[in-house]
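Peer 1: Now for the letters of each chain:
Protein chains: 2
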Amino acid sequence: MPGFKDQACIVGIGETAYSRNSGKTELGLMLEASLNAIADAGLKPHDIDGVIPPRLYATAEHFAANLGIEDLRYAVTVCMGGASPVAALQSAALAVSSGVADYVLMAVGFNQASSKVIRRGVDPIDTAGAIPLAPALTTLAEYYVPFGSSTPVQWYSWIATRYKHLYNVPDEAAGAVSVACRRHAQHNEKAYMRGRPITMENYLDSRMINYPFRLLDCCLETDGGTAVVVTTPERARDLKHRPVYIMGACEGHPYPADDIPSRPDLFKIGLSYAAPRAFRMAEVGPADMDFIEVYDCFTYIVLLQLEALGLCQRGEAKDFVPGGRIELGGEMPLNTHGGLLSEAHTSGMNHIAEAVRQLRGEAGERQVRNAELGLVTGWGDFGDGALAILRR
Amino acid sequence: MPGFKDQACIVGIGETAYSRNSGKTELGLMLEASLNAIADAGLKPHDIDGVIPPRLYATAEHFAANLGIEDLRYAVTVCMGGASPVAALQSAALAVSSGVADYVLMAVGFNQASSKVIRRGVDPIDTAGAIPLAPALTTLAEYYVPFGSSTPVQWYSWIATRYKHLYNVPDEAAGAVSVACRRHAQHNEKAYMRGRPITMENYLDSRMINYPFRLLDCCLETDGGTAVVVTTPERARDLKHRPVYIMGACEGHPYPADDIPSRPDLFKIGLSYAAPRAFRMAEVGPADMDFIEVYDCFTYIVLLQLEALGLCQRGEAKDFVPGGRIELGGEMPLNTHGGLLSEAHTSGMNHIAEAVRQLRGEAGERQVRNAELGLVTGWGDFGDGALAILRR
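Order-wise, the sequence lines are chains A and B. Mapping the first sequence onto our numbering, position 368 (from 1) lands on 348, and the numbers just tick up by one. Mapping the second sequence onto our numbering, position 36 (from 1) lands on 16, and the numbers just tick up by one.
I should point out that these hints are in silico values taken from the structure, not numbers from a laboratory. Do not rely on the hints blindly, as some may be mistaken.
As the list makes no split between identical chains, a pair holds if one copy fits it or if it spans any two.
[To be verified] Cross-link-like lysine to aspartate or glutamate pairs, in silico, EDC-like; alpha carbons within 20 Å at most:
#	residue 1	residue 2
1	LYS(-15)	GLU342
2	LYS(-15)	ASP82
3	LYS248	GLU50
4	LYS4	GLU122
5	LYS248	ASP51
6	LYS170	GLU307
7	LYS144	ASP185
8	LYS(-15)	ASP270
9	LYS220	GLU201
10	LYS220	ASP245
11	LYS144	ASP299
12	LYS(-15)	GLU311
13	LYS24	GLU214
Based on the provided sequences and hints, a complete structural model is requested.
Peer 2: Shown next, in the form of structure tokens:
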């Protein structure tokens, strides 16, 4: 059996406050979250010998210099946008299970709310001769922007509109995702949207941003950082918390990944490739999960992923999400922390942290009872995807 | 024993012509080299399911779209400047030995000679709020450029000047590296400097660029692309060439990696950390090598690496290089293709291609007789390093 089932585990998670005006740099947020994750694991910063920095704002060397890592043995970057944190679990697992590194740190820091830097990064004016950090940048500059499409809410609307039309997806199906995430955020003291509950009526009344996406279909833009530490089960024995095992972790890329409209099948997303492989590695199925943390940049993107995961057939997510099934207390609680829609946006690294918290039994009033198995997905750029299956 | 000794091998190498005015894009050069490497392996483009693109000019998705890779399973980027290709062998070996991917493609394409884009990438004016692709960029903008130091020939001169002073390194020691590489290029039809041999007198007469670096201490800036394909020994059996096994591959980072002058020991470079680990994994020593392909952005950087490899003691490279020892026919032939100094600059990916050619016994008039073991080093940014030990 190829892969690294149960040969690596998550032993530390760390977060900053999630806000809309941190007053801190992105690197500062990453380091703050990293120190929290390292302390959570019961390690010292210099114990870290592998780093997977995000694509933006910092390199492995910045982490090493700031954390005092004298002998850095492993450093790669995963360039899959919002799918990067989950895909990075694959690389972290490879590094520790092979002995190339002992403790791998993954961190994300964003000032999406208070900074303009992230926007400059996708400014088509800057991209003409620029470094193509993402396939988005060149395709954007050359094909999308000239026709007026320059942001995710526009690109993904092509997919969502087609999906809605083809399968008669009612607004309320997307609304069920939005409402569930917001409800869960009320039980999470870190959630930016705590204290601001919504109803389905609020969802349906929210203003249209770009059809079919209403305001309440769209994730937050926040400031914040999240970090995770990965090691081997043997090393985990001496650490502070019960480890959370990585049963499977895979990435997938739609074809072609660098352009949306030229795909013969708009709903064959990165996760459609990653999910069967990850479940095979983990030797479990989607229905075995006690909860699911699904990348929720937009509600309709969650619906697509439920189908790609195999939780329901294509076009049937609309029948899966109503009736409280995806809410706490339901059969398959989704985004128990509130997700990108209602907790914060740290590129989905916060989804991994929440899954670990649930599997440790430390999720407080939002704890899924007897949670033993959970999954985390990532979605990035033009539909890159990743899936990690975790167990306590 | 941690690691992946002999669990992965190089089965394909591909190059473009090396020139100073390709008239092609960087992506085009990478793809041309990639197609050559894939054909050299006896594979089809769509067989590739893992890609390690360079930090610049292209993402994995660009490769996937252009090569027709429908199910891309593995994509990471190694951000270590010129150490990236050799460090990427570590990631490629992890990916194939674990079964995460079957065939991993690594490629580099550069238009250093004909394009200004690479220079724009390190333009301090662009870096103020820019994405720190390399630790160099932020340190450069904030600490070096204000004092007049903005290019590698300046930063590395700090190290080389101290080294030269402390160990009384004569000009002729650096010259021996320059002359050896140029001599070897005369036996390589792809080498940009073929037909332009030099003597030690030519070296000593060449104009000073930035002390202690003369013109003939500095590598070429060329246009070109080089690519490599990695798979498992099992899969290699069905392919076209005898595989070249990766016995060990490790990366190392000096401390702190993001700034040169603040290091307590300027000569403790990335390779100083990587080399002992790589030799341990490979279970061989430096003296066992039949040839060495050493990253040669500047001659003095080669001398430092000979010491970090353990081929000689610190300060003694000056006594190691004279008398033809590092030339073809000598005890330890260095950069048998001509290196960055005299073949071309594809970020050291061409060093890997040459090592494979030597170990296949396909190096023609520059073949090292009975070459069974060889090593390749990488050097990048402010002294990041990597080492791969290969066998036939």
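Peer 1: Would you mind marking each hint as holding or not holding in the structure?
Peer 2: Status of each hint after checking the structure:
When the C-alpha separation of LYS(-15) and GLU342 is checked against a cutoff of 20 Å, the pair qualifies neither within a copy, at 24 Å, nor between copies, at 41 Å. Taking the shortest Cα distances, LYS(-15) and ASP82 sit within 20 Å of each other both inside one copy (17 Å) and across copies (18 Å). Proximity of LYS248 and GLU50 under a CA criterion of 20 Å is satisfied inter-copy only: 11 Å between copies versus 44 Å inside one chain copy. Taking identical chains as interchangeable, the C-alpha atoms of LYS4 and GLU122 lie at most 20 Å apart only when they sit on different chains, with a minimum of 18 Å there against 34 Å within one chain.
Within a single copy, LYS248 and ASP51 get their C-alpha atoms only as close as 42 Å, which misses the 20 Å cut-off; across copies the closest is 11 Å, which meets it. When the C-alpha separation of LYS170 and GLU307 is checked against a cutoff of 20 Å, the pair qualifies only within one copy, where the shortest distance is 19 Å, while the shortest distance between copies is 64 Å. Within a single copy, LYS144 and ASP185 get their C-alpha atoms as close as 19 Å, which meets the 20 Å cut-off; across copies the closest is 73 Å, which misses it. Proximity of LYS(-15) and ASP270 under a CA criterion of 20 Å is satisfied intra-copy only: 19 Å inside one chain copy versus 39 Å between copies.
Within a single copy, LYS220 and GLU201 get their C-alpha atoms no closer than 33 Å, and across copies no closer than 52 Å, so neither meets the 20 Å cut-off. Taking CA atoms no more than 20 Å apart as the test, LYS220 paired with ASP245 passes in neither setting, with 46 Å inside one copy and 35 Å between copies. When the C-alpha separation of LYS144 and ASP299 is checked against a cutoff of 20 Å, the pair qualifies only within one copy, where the shortest distance is 13 Å, while the shortest distance between copies is 74 Å. Taking the closest pair of Cα atoms, LYS(-15) and GLU311 never come within 20 Å of each other, the shortest separation being 26 Å inside a single copy and 46 Å across copies.
Taking identical chains as interchangeable, the C-alpha atoms of LYS24 and GLU214 lie at most 20 Å apart only when both belong to the same chain, with a minimum of 18 Å there against 41 Å between chains.
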